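Asker: Take these sequences, add in the hints, and give me the full structure.
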Amino acid sequence: MTTLVTGAAGFIGFHVAKRLLADGHQVVGLDNLNSYYDPTLKQARLDQLTAHPQFTFERLDVSDRVAMPEVFRRYGPVRVVHLAAQAGVRYSIDNPYAYVDANLVGFLNILEGCRHHKVEHLVFASSSSVYGANTAMPFSVHDNVDHPLSLYAATKKANELMAHSYASLYGLPCTGLRFFTVYGPWGRPDMALFIFTRAILADRPIDVFNSGRMQRDFTYVDDVVEGIVRVLAGKPAPDPSWCGDRPDPGTSRAPYRIYNIGNNRPVELLRYIEVLETRLGRTAKKNLLPLQPGDVPATQADIDDLVRDFDYRPRTTVDEGVTRFVEWYLSYYKAS
946 MTTLVTGAAG FIGFHVAKRL LADGHQVVGL DNLNSYYDPT LKQARLDQLT
996 AHPQFTFERL DVSDRVAMPE VFRRYGPVRV VHLAAQAGVR YSIDNPYAYV
1046 DANLVGFLNI LEGCRHHKVE HLVFASSSSV YGANTAMPFS VHDNVDHPLS
1096 LYAATKKANE LMAHSYASLY GLPCTGLRFF TVYGPWGRPD MALFIFTRAI
1146 LADRPIDVFN SGRMQRDFTY VDDVVEGIVR VLAGKPAPDP SWCGDRPDPG
1196 TSRAPYRIYN IGNNRPVELL RYIEVLETRL GRTAKKNLLP LQPGDVPATQ
1246 ADIDDLVRDF DYRPRTTVDE GVTRFVEWYL SYYKAS
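Heads up: the sequence shown is residues 946 to 1281, going by this note's numbering.
If you're looking for bench data, these hints aren't it; they were derived computationally from the structure.
Keep in mind that the hints are not guaranteed to be accurate.
Stated by the list, open to error - Below are the EDC-like pairs computed for lysine to aspartate or glutamate, each with C-alpha atoms no more than 16 Å apart in a straight line:
1) K1180 / D1256
2) K1231 / E1219
3) K1230 / D1152
4) K1180 / E1015
5) K963 / D1168
6) K1063 / E1015
No experiment lies behind these values; they were computed from the predicted model shown.
Answerer: Okay, structure coming up:
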């Protein structure tokens, strides 16, 4: 069974491809290796994957309307895990067109490829950012999410709507996963844990937004991968109880579902930093700042549906996860 994993040289994509290979699957990885962050880190991830005999790599952009259909024709994937995207809330304020190309045009190319080649199941990355101005905690997939606070969030909500239309029109089974602040070894350099670690080791101050009072549902990457793998194996069926008079955003009369993947245990940013300081054996110099445009003060995932349908339970505490990240970082960068 061949699985296409887009964004395979990215943080989550790398871990997903690695897990699928370990489970004995044939994996086609796709990535454009762009320079949004250090391409050498992406290449280092990719080098681990290309060493596996059941892994094939294609370097191209998902927004390429000519090349993408050829990938589907050549490899005939049975399942697709779509993780390629332009990430970052703050970056979307400065570079909005990058999000239209990667997250909208690119996703349409994926949907068209899946449609024309009868893919059995498309699992795609959404984001906790779609909850936007919502304040009811924990965030539930059954709540309306029509008030995004960033273009990044808007493109992710658009992906969910686009997937639903293809599930409805063509019977394409689609599952969207809203990730909550994923962290861990081989993480992205634009994420807080990476930025904080680098600055603390260099004895530079760290920018702490909302004076550190924001809370995040930090989710360790192995727990996220476990959720993805479980969902991938169980394609959604139409919900016979779905009613247009009281439309449930998380389900549908089409083969379509949305799930949260989170830790379900929010941690205050200052506590997160405290754990990191302990693991590094250093005290951070904190530059306390107000909440940034597009950010939200708190996130918490309601994962009841994922627990019910796939017996999913995140197992990694922040203390354990940060420790593993620091061990990887010190080893990879030969820092001390």
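Asker: Determine for every hint whether it applies to the structure shown.
Answerer: So, going through the hints one by one against the coordinates:
Proximity of K1180 to D1256 is assessed by CA-CA distance (about 15 Å); at most 16 Å being required, the pair is judged to hold. Taking the CA atoms of K1231 and E1219, the gap is near 11 Å; set against the 16 Å cutoff, the hint holds. Between K1230 and D1152 the alpha-carbon distance is near 9 Å, which keeps this suggested pair within the 16 Å criterion. For the hint pairing K1180 with E1015, the CA-to-CA distance comes to about 25 Å; that exceeds 16 Å, so the pair is violated.
Between K963 and D1168 the alpha-carbon distance is near 14 Å, which keeps this suggested pair within the 16 Å criterion. At roughly 15 Å between alpha-carbon atoms, K1063 and E1015 fall within 16 Å of each other, so this suggested pair holds.
The structure fails to meet hint 4 from the earlier list, while all remaining hints are met.
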